[in-house]
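Chemist: What follows is each chain in one-letter form.
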Amino acid sequence: AVVSTQSGHYGRGASSVFYDYATEQFTTVKVDGEDTLITKEGSLDGSKRFYDPKNSKSFTYNYLKNEATDVEEEERDSGAEKWREAIQTALKSYLDEFFPAHVTAVYGKLEDDQVTITVCIEDHKYNPNNFWNGKWKSKWEIKFPTAGGFAKVDGAMSAQVHYYEDGNVQLLSNKKVEESVQISSPSEGANNVVEFIKKSETDYQLAINENYTSMSNTTFKALRRNLPITQTLIDWHKLHGFQVGKDIMNKS
Amino acid sequence: QRRVAITDGNEYKSYLSMEGRDQGVKLDCALDLMRRLPPQNIEKNLSDLIDLNPDLCDELLASVDQPLKIAKCKKTNKDYLLCDYNRDGDSYRSPWSNEYDPPIEDGTFPTDKIRQFEIDANFAFDLYREQYFEGGISSCYFWGLDNGGFAGAILIKKTGDGSKMFKGSWDSIHVVEVQEKGAGRNAHYKLISTVMLWLQNSRPESGTMDLGGSLSRTAEKDAPVTDMSSHIVNIGRMVEKMENGIRMTLDTIYFGKTRDIMNKTRSLVDLNIRGLTDKLNSQLADALKQHNTFKNKEN
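Protein chains in written order, with the working numbering: chain A, 1 to 252; chain B, 253 to 551.
Wrong hints could be hidden among the right ones.
[As the list claims (entries may be wrong)] Some chain B residues well away from chain A (every beta-carbon gap over 10 Å; in silico):
1. Cys335
2. Pro362
3. Gly401
4. Gly420
5. Ser421
6. Trp422
7. Gly464
8. Gly465
9. Gly488
10. Glu492
11. Lys509
12. Ser519
13. Ala539
[Said to hold, decoys possible] Quick list of the computed label-pair ranges, beta carbon to beta carbon:
14. A:Glu210 to B:Ser299: 33 to 43 Å
15. B:Asn544 to A:Glu179: 47 to 57 Å
16. B:Asn524 to A:Glu81: 25 to 35 Å
17. A:Gly79 to B:Thr504: 45 to 55 Å
18. B:Thr460 to A:Glu188: 30 to 40 Å
19. A:Asp203 to B:Ala475: 49 to 59 Å
20. B:Lys321 to A:Glu188: 56 to 66 Å
21. A:Arg225 to B:Lys321: 17 to 27 Å
In case anyone wonders, no lab produced these hints; they're calculated from the structure.
Heads up, the beta-carbon is just placed ideally off N, CA and C, and yes, glycines get one too.
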């Protein structure tokens with residue numbers, strides 16, 4: 001849609017808007033045939049250069065065409081790699097069990113003796129022919145000292161649906177959680193983290209479903225009834241009779 | 253300025269072409285954007301669009317439905333709803349007192365005949381509102397049309413009590429156009445209705461959950477007329493049937509469709525198990541089919 005034709009309007013301002021939007025939405029892109037995500041964690045320059053941690057590749061992202069070009073080999077952060085790889089592996093069976101079409105990116109970095117692993121999960125279903133779209137997004141940040149011990153896990157999950165046939169309806173939901181998880185060795189720590197992610201995401205989805213049931217049965221009815229208490233449609237002739245009666249009373 | 257009831261999208265587009273094609277294209281794009289942007293941010297989106305295109309301001313305000321605002325009638329102390337149809341400049345006309353707030357010189361008023369009808373309509377829809385909404389606010393505004401017919405807007409707003417962790421609000425905007433025919437014994441009614449529904453929940457287990465948006469529908473009918481009160485009956489029945497239909501569709505879409513779509517992005521059931529269940533179901537279906545074919549052959 002072209003709403004404004006002021007020249008120069010789509011300058012630097014617009015590209016930062018594209019960056020903000022694509023990274024916030026966990027936009028998916030194919031890099032050498034493999035899906036990865038556009039995220040802030042995967043950004044190399046805060047603009048167009050991004051990183052796929054699973055295949056160790058960096059690329060230039062074209063926002064308008066949703067294309068990856070100038071693909072290069074990119075080294076992973078070796079200080080965090082054993083932890084990153086363990087979590088990525090442990091996640092796979094959980095994701096395949098619960099997400100019909102997920103795209104995931106697991107990033108790792110080591111800074112000042114602290115390891116940070118960031119897990120970004122996305123699963124969407126687009127059906128523009130039937131005027132609807134839906135997306136699940138979750139981001140899990142796992143921070144712990146290189147020696148292991150306990151990890152602080154921060155999670156942010158969101159569900160979004162848009163339905164727009166003869167109208168415009170949106171579901172927007174998000175939830176944050178945090179927990180301390182034991183992380184003594186890569187494989188054991190990874191399993192604990194994935195267990196926590198699985199429980200959090202499942203509980204969240206169940207709670208959304210419960211809300212739907214209460215909203216339909218209680219909140220919606222409290223806004224407008226199905227039918228009046230009489231359980232019949234209104235007698236409009238009678239309604240007008242009340243008006244006439246009131247006028248007569250007012251006049252007398 | 254008289255407001256013409258626009259009940260047909262094509263009618264509106266041809267009205268726009270009188271102002272200039274470019275303007276029409278811009279408005280289409282703006283409306284298209286509004287349709288796709290999150291409905292929870294209607295006011296901000298609308299104001300941003302108007303900032304980009306100040307010359308579209310009037311058309312946008314007239315064609316995009318926003319959640320209804322409430323004002324208190326200074327004379328009667330009753331609440332009434334604000335919309336473009338009771339607005340003149342920056343003032344709004346109360347359906348109870350028929351006065352503008354803030355007061356203005358040369359404000360637009362309905363004729364005496366239409367005002368009497370408006371009073372009757374407000375009374376009738378007040379009772380309708382109480383029967384279906386058990387609370388809330390309603391307001392009706394009517395005006396004459398240049399071609400001899402008349403039109404009106406019937407508005408209803410109900411907000412949830414905000415108790416516990418659920419909040420909600422329902423806004424109805426019904427715009428009706430009436431043309432008498434057959435020497436006044438019949439009338440043709442055109443109705444365009446929009447319902448905006450917002451539901452919010454903030455239970456800790458589900459974080460924040462926001463379900464919001466609107467649906468629009470149209471209807472047309474012919475009905476017999478003996479006097480002005482027949483219009484109340486005919487319009488009332490039409491609005492009631494329309495709202496009940498929209499309510500049912502809202503139920504299906506809000507609580508059925510969006511929930512199904514959400515559950516498609518993440519499965520509640522282990523997909524491996526579901527895959528096995530699906531396989532088992534289809535094997536059972538095949539076995540049953542074979543069994544029935546065999547039985548039919550026997551007979």
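Chemist: All hints are to be evaluated individually against the structure, with a verdict given for each.
Modeler: Hint by hint, here is what the structure shows:
1. Cys335: B:Cys335 clear of chain A: closest Cβ-Cβ about 19 Å, beyond 10 Å.
2. Pro362: holds (18 Å)
3. Gly401: Check passes; 20 Å lies beyond 10 Å.
4. Gly420: violated (5 Å)
5. Ser421: The assertion about B:Ser421 is violated, with a minimum of 7 Å to chain A.
6. Trp422: violated (4 Å)
7. Gly464: violated (6 Å)
8. Gly465: violated (3 Å)
9. Gly488: Given a closest Cβ separation of 4 Å, the condition is violated.
10. Glu492: violated (6 Å)
11. Lys509: violated (6 Å)
12. Ser519: violated (5 Å)
13. Ala539: holds (28 Å)
14. A:Glu210 to B:Ser299: 33 to 43 Å: Roughly 36 Å apart at Cβ, these two residues keep to the hinted range, so it holds.
15. B:Asn544 to A:Glu179: 47 to 57 Å: holds (54 Å)
16. B:Asn524 to A:Glu81: 25 to 35 Å: At 30 Å between Cβs, range holds.
17. A:Gly79 to B:Thr504: 45 to 55 Å: Between A:Gly79 and B:Thr504, where Cβ atoms are some 53 Å apart, the hint holds.
18. B:Thr460 to A:Glu188: 30 to 40 Å: holds (34 Å)
19. A:Asp203 to B:Ala475: 49 to 59 Å: holds (54 Å)
20. B:Lys321 to A:Glu188: 56 to 66 Å: Check passed, 58 Å falls within 56 to 66 Å.
21. A:Arg225 to B:Lys321: 17 to 27 Å: Given range 17 to 27 Å: holds, Cβ gap about 25 Å.
Checked against the numbered hints listed earlier, the structure breaks hints 4, 5, 6, 7, 8, 9, 10, 11 and 12; every other hint is satisfied.
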